[in-house]
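Sequence lines, in order, name chains B and Y.
Last residue of the first sequence: 536 (the numbering used here), numbering continuous.
Last residue of the second sequence: 719 (the numbering used here), numbering continuous.
Hints listed in this document are in silico derivations from the structure and should not be mistaken for laboratory results.
It cannot be assumed that every hint is accurate.
[As the list claims (entries may be wrong)] Residues from chain B that keep clear of chain Y, each with C-beta distances beyond 10 angstroms, as calculated: (1) 109; (2) 125; (3) 214; (4) 260; (5) 296; (6) 297; (7) 316; (8) 320; (9) 330; (10) 364; (11) 383; (12) 390; (13) 403.
[Said to hold, decoys possible] Derived EDC-like pairs: lysine to aspartate or glutamate, alpha-carbon spacing no greater than 20 angstroms straight-line: (14) B:285 <-> B:373; (15) Y:529 <-> B:319; (16) Y:686 <-> Y:709; (17) B:243 <-> Y:711; (18) B:100 <-> Y:709; (19) B:360 <-> Y:467.
Idealized CB from N, CA, C, for every residue including glycine.
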Amino acid sequence: MPRTTTVESAGCPPLRALTFDVLGLIKVTEARSKLGGVPKVVERWGQPESSRCVLAASTNDRKIDPLLAVARKSGVIELISSINGDLRVSLPSGNQADVQSQEDNIVGLHLFKKQTSESSSRSCTLLTCTTKGLSTLRSFTIPKSPGDSTSDDTQVTWNVCAAGNVLCCKVDDNENYALFGGKGVEVNIWDLATHTKIWTAKSPPKNSLGIFTPTWFTSATFLCKDDHRKFVGGTNSHQVRLYDMAAQRRPVMSFDFRETPIKAITEDQDGNTIYIGNGSGDLASVDIRTGKLLGCFLGKCSGSIRSIARHPDLPMIASCGLDSYLRIWDIKSRQLLSAVFLKQHLTNVVFDSHFNDEEVAAASVPPSEPKEEDELIERDEESKSRNVVKRKKKKSKSRDVDDDESHSVKRKKSKKSQNEDDDVDEGPRSKEKKKSKKAKNVDNYEEGLLSVEHEKLKKVKGRKSKKSKGQRVDLE
Amino acid sequence: MDQKHQDAHNELKNTTAEATRSGNKALIKPFPSRFAITLSFSSYPCRCRRNHRRLCIRRLQSTRSSEVMGKKRKEREAQSDDDDSSKSRTKRTDSDKLVVKPQLLPSMIKNKDKRSAVYAKIKHEKKVEKRKNAKAREALENRALELGEELPPKKIPRTIENTREADETVCKPDDEELFAGNDADEFSSILTSERAPKVLMTTCRFNSTRGPALIKDLLTIIPNAEYYKRGTYDLKNIVEYANNKEFTSIIVVHTSRREPDALLIIGLPNGPTAHFKLSNLVLHKDLKNHGNPTSHKPELVLNNFTTRLGHRVGRLIQSLFPQDPEFHGRRVVTFHNQRDFIFFRHHRYVFETKENKQIDANDKSKDTEDGKKQLKGKIIARLQECGPRFTLKLTSLQHGTFDTKGGEYEWVHKPEMDTSRRRFFL
Numbered sequence: 061m062p063r064t065t066t067v068e069s070a071g072c073p074p075l076r077a078l079t080f081d082v083l084g085l086i087k088v089t090e091a092r093s094k095l096g097g098v099p100k101v102v103e104r105w106g107q108p109e110s111s112r113c114v115l116a117a118s119t120n121d122r123k124i125d126p127l128l129a130v131a132r133k134s135g136v137i138e139l140i141s142s143i144n145g146d147l148r149v150s151l152p153s154g155n156q157a158d159v160q161s162q163e164d165n166i167v168g169l170h171l172f173k174k175q176t177s178e179s180s181s182r183s184c185t186l187l188t189c190t191t192k193g194l195s196t197l198r199s200f201t202i203p204k205s206p207g208d209s210t211s212d213d214t215q216v217t218w219n220v221c222a223a224g225n226v227l228c229c230k231v232d233d234n235e236n237y238a239l240f241g242g243k244g245v246e247v248n249i250w251d252l253a254t255h256t257k258i259w260t261a262k263s264p265p266k267n268s269l270g271i272f273t274p275t276w277f278t279s280a281t282f283l284c285k286d287d288h289r290k291f292v293g294g295t296n297s298h299q300v301r302l303y304d305m306a307a308q309r310r311p312v313m314s315f316d317f318r319e320t321p322i323k324a325i326t327e328d329q330d331g332n333t334i335y336i337g338n339g340s341g342d343l344a345s346v347d348i349r350t351g352k353l354l355g356c357f358l359g360k361c362s363g364s365i366r367s368i369a370r371h372p373d374l375p376m377i378a379s380c381g382l383d384s385y386l387r388i389w390d391i392k393s394r395q396l397l398s399a400v401f402l403k404q405h406l407t408n409v410v411f412d413s414h415f416n417d418e419e420v421a422a423a424s425v426p427p428s429e430p431k432e433e434d435e436l437i438e439r440d441e442e443s444k445s446r447n448v449v450k451r452k453k454k455k456s457k458s459r460d461v462d463d464d465e466s467h468s469v470k471r472k473k474s475k476k477s478q479n480e481d482d483d484v485d486e487g488p489r490s491k492e493k494k495k496s497k498k499a500k501n502v503d504n505y506e507e508g509l510l511s512v513e514h515e516k517l518k519k520v521k522g523r524k525s526k527k528s529k530g531q532r533v534d535l536e
Numbered sequence: 294m295d296q297k298h299q300d301a302h303n304e305l306k307n308t309t310a311e312a313t314r315s316g317n318k319a320l321i322k323p324f325p326s327r328f329a330i331t332l333s334f335s336s337y338p339c340r341c342r343r344n345h346r347r348l349c350i351r352r353l354q355s356t357r358s359s360e361v362m363g364k365k366r367k368e369r370e371a372q373s374d375d376d377d378s379s380k381s382r383t384k385r386t387d388s389d390k391l392v393v394k395p396q397l398l399p400s401m402i403k404n405k406d407k408r409s410a411v412y413a414k415i416k417h418e419k420k421v422e423k424r425k426n427a428k429a430r431e432a433l434e435n436r437a438l439e440l441g442e443e444l445p446p447k448k449i450p451r452t453i454e455n456t457r458e459a460d461e462t463v464c465k466p467d468d469e470e471l472f473a474g475n476d477a478d479e480f481s482s483i484l485t486s487e488r489a490p491k492v493l494m495t496t497c498r499f500n501s502t503r504g505p506a507l508i509k510d511l512l513t514i515i516p517n518a519e520y521y522k523r524g525t526y527d528l529k530n531i532v533e534y535a536n537n538k539e540f541t542s543i544i545v546v547h548t549s550r551r552e553p554d555a556l557l558i559i560g561l562p563n564g565p566t567a568h569f570k571l572s573n574l575v576l577h578k579d580l581k582n583h584g585n586p587t588s589h590k591p592e593l594v595l596n597n598f599t600t601r602l603g604h605r606v607g608r609l610i611q612s613l614f615p616q617d618p619e620f621h622g623r624r625v626v627t628f629h630n631q632r633d634f635i636f637f638r639h640h641r642y643v644f645e646t647k648e649n650k651q652i653d654a655n656d657k658s659k660d661t662e663d664g665k666k667q668l669k670g671k672i673i674a675r676l677q678e679c680g681p682r683f684t685l686k687l688t689s690l691q692h693g694t695f696d697t698k699g700g701e702y703e704w705v706h707k708p709e710m711d712t713s714r715r716r717f718f719l
């Protein structure tokens with residue numbers, strides 16, 4: 061009688077998660093209610109190459125034009141549209157020479173969600189931190205094509221620590237403060253507006269045997285949304301420490317968790333639950349007010365957990381790590397909802413909270429309105445559905461073969477169309493108008509160029525993704 | 294069922310009590326005959342307390358005619374006399390009252406002799422049946438052979454290996470990501486012969502007898518390996534030292550109670566660390582009829598490393614050996630994975646032509662017919678085992694070099710993973 065385990069996958073609610081791995085691939089995993097909530101890899105961006113290994117990733121999870129910032133091992137920071145994986149900006153490795161980038165990898169990256177007031181919607185701000193403690197705050201505007209140099213580039217660099225290696229870097233929810241910590245670096249908090257250190261932790265005293273455990277923070281997170289004063293750090297000596305800036309410089313509370321270093325900590329939205337993952341694949345939730353272990357997430361996970369992500373709306377978390385599985389867990393029951401095998405050692409996972417299941421379903425029916433984008437790209441008089449098929453094929457082919465060349469060609473194409481959209485002069489505009497039978501665009505146009513431009517961009521993007529998604533659904 | 298039974302029981306109790314008391318036969322009539330039969334012939338009339346059961350039976354005995362009880366014994370006797378027992382069990386001498394007989398399991402028989410007799414009979418029947426089936430199958434095959442038809446398909450026995458649980462991590466040959474990963478991993482520089490493998494071998498802190506003997510054997514197997522005394526150095530310091538000396542891997546043989554019980558393979562400079570449990574060790578000198586290996590570079594056979602993890606472990610082992618084997622040395626080292634156990638064997642082999650008897654007979658004209666003989670002879674490979682023989686089992690694979698406290702694991706064996714005997718990780 062073969063003893064087999066039942067498939068415990070309960071299925072997921074519709075969600076979309078992006079994972080980053082050591083070969084520099086970005087994989088998009090989607091679960092749809094239509095397919096019984098079984099998550100599948102739907103897209104893979106990039107080519108496998110060890111120098112493109114993703115070290116840190118950050119996203120601004122907004123509704124319109126969400127962006128993804130990715131720090132590669134080669135020192136390049138890339139801004140990628142998280143809808144279709146188009147490369148927007150590629151920032152070279154700082155102003156320093158390449159010599160330093162070899163041993164000075166980027167460990168922390170944060171893409172600011174809120175817009176600075178004076179800048180337009182295309183500008184964005186990035187905080188990066190390297191192992192040596194060199195942190196850089198730079199803001200720039202996204203150029204129209206990736207070939208252009210970034211304009212309006214303001215950059216502030218300061219050194220976080222004199223010695224030691226920075227291993228974790230986090231920015232609080234209001235994006236005013238950042239914390240840094242690492243091997244030989246006590247956690248310190250910096251004010252991002254003035255670039256000054258406002259607080260430093262003090263290492264806990266020697267224990268009863270007179271043994272001092274060296275400082276080695278491996279992960280940290282701010283606890284509450286609107287309170288930057290409380291944060292949690294995980295150490296290499298498998299200790300979890302709660303700090304309160306208002307109370308004291310030594311940890312308010314600390315407790316041990318298992319035997320291997322704490323590799324990932326993520327806070328819940330309620331501000332008192334944290335999820336900790338360690339080097340041997342144990343994942344647990346802890347009530348940080350009391351330090352009590354609420355429960356472990358059991359599911360045959362055997363590789364080190366590198367990243368945990370909490371879904372902004374749905375009650376679940378995703379974890380990934382060296383066992384190459386993306387696992388999605390329910391928070392309440394702590395059950396494994398599903399596990400997806402992603403073939404490589406994963407470094408990061410990020411949720412896309414604005415993934416809409418219905419949108420995909422609607423997109424599977426070919427939309428009736430004419431598409432300017434398609435007409436611009438390939439001016440043939442085929443039926444829409446076939447058009448879609450063709451484009452899809454092309455896309456996939458190019459993705460398979462693709463090197464930077466084919467990518468860039470494609471990008472140029474789309475950029476061209478975008479530029480035409482963006483162009484202020486009346487010529488292409490009117491032509492387009494003739495093509496499109498909607499009067500809506502006219503109104504929008506009068507409202508202001510910026511908003512039109514923005515919305516158009518969004519539409520185009522949305523449709524692109526819709527088409528690809530819809531097609532995939534059909535094929536399946 | 295219990296409720297039903299209870300009801301029936303109560304009813305029975307009432308009726309029987311009244312019947313016995315009054316001796317009125319009219320009262321017995323509404324007595325449900327169905328119950329009567331089931332109660333009298335099922336082995337346990339009622340599943341209540343034992344006393345109650347006894348009571349029940351006694352009451353039944355009193356109400357029904359006494360011949361019912363005696364009949365059972367008679368039947369049993371008849372059964373043992375009769376050859377065809379299975380039929381006789383259902384057969385009744387007077388079956389007017391006894392309609393249904395519930396199946397009597399052999400385990401219900403309380404007499405041991407009788408019970409074992411029944412068991413033996415059943416066993417014999419099964420054997421006969423099996424022989425009959427085999428004969429039939431053989432006849433079918435023979436007929437098919439005679440008629441020149443297609444033979445009936447042979448049945449494949451189900452083993453644990455071929456009923457292995459489906460695993461999505463099994464490597465597929467068309468997976469381009471796998472090859473990209475291979476190119477990027479820690480062993481690629483050794484496996485593409487950019488670096489020559491150079492192995493440092495050491496032991497645990499205290500070792501004696503079988504530990505050094507195993508080290509000695511391993512030194513003959515792995516070319517370009519050096520033994521360093523462990524002394525009192527920490528393993529982390531040894532790793533650092535080996536890095537400076539440009540070793541590509543470290544092997545640590547761990548002994549406990551003078552018996553090697555664990556093997557640690559560390560890839561350098563930043564390769565993974567694999568921790569194996571070592572068992573069933575037979576040393577070179579303890580093997581019967583063992584061969585003595587030459588100093589040629591051995592060939593390497595890695596069997597059944599199918600999953601991603603297995604693939605990685607296989608590559609780790611591969612990186613210990615030089616990538617250019619000397620085939621004329623006819624020396625082969627095998628790592629065979631079966632059910633997550635990695636069996637290590639070391640052989641010498643030779644290809645021989647088996648001579649036909651005809652040629653043996655006229656060996657005078659051997660020289661002239663030399664070419665002919667080679668044509669006629671069948672080529673066979675003969676093996677001679679040499680070197681140690683042991684079994685490895687992976688307990689953990691660590692990312693980076695040896696670091697027990699701050700290490701990150703790629704895979705650790707956890708007891709909760711052992712929920713199925715048909716799930717394998719390598």
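Hint check results:
| no. | hint | verdict |
| --- | --- | --- |
| 1 | 109 | violated (7 angstroms) |
| 2 | 125 | holds (30 angstroms) |
| 3 | 214 | holds (36 angstroms) |
| 4 | 260 | holds (23 angstroms) |
| 5 | 296 | violated (5 angstroms) |
| 6 | 297 | violated (7 angstroms) |
| 7 | 316 | holds (13 angstroms) |
| 8 | 320 | violated (7 angstroms) |
| 9 | 330 | holds (29 angstroms) |
| 10 | 364 | violated (4 angstroms) |
| 11 | 383 | violated (7 angstroms) |
| 12 | 390 | holds (18 angstroms) |
| 13 | 403 | violated (5 angstroms) |
| 14 | B:285 <-> B:373 | holds (15 angstroms) |
| 15 | Y:529 <-> B:319 | holds (19 angstroms) |
| 16 | Y:686 <-> Y:709 | holds (17 angstroms) |
| 17 | B:243 <-> Y:711 | violated (36 angstroms) |
| 18 | B:100 <-> Y:709 | violated (26 angstroms) |
| 19 | B:360 <-> Y:467 | violated (28 angstroms) |
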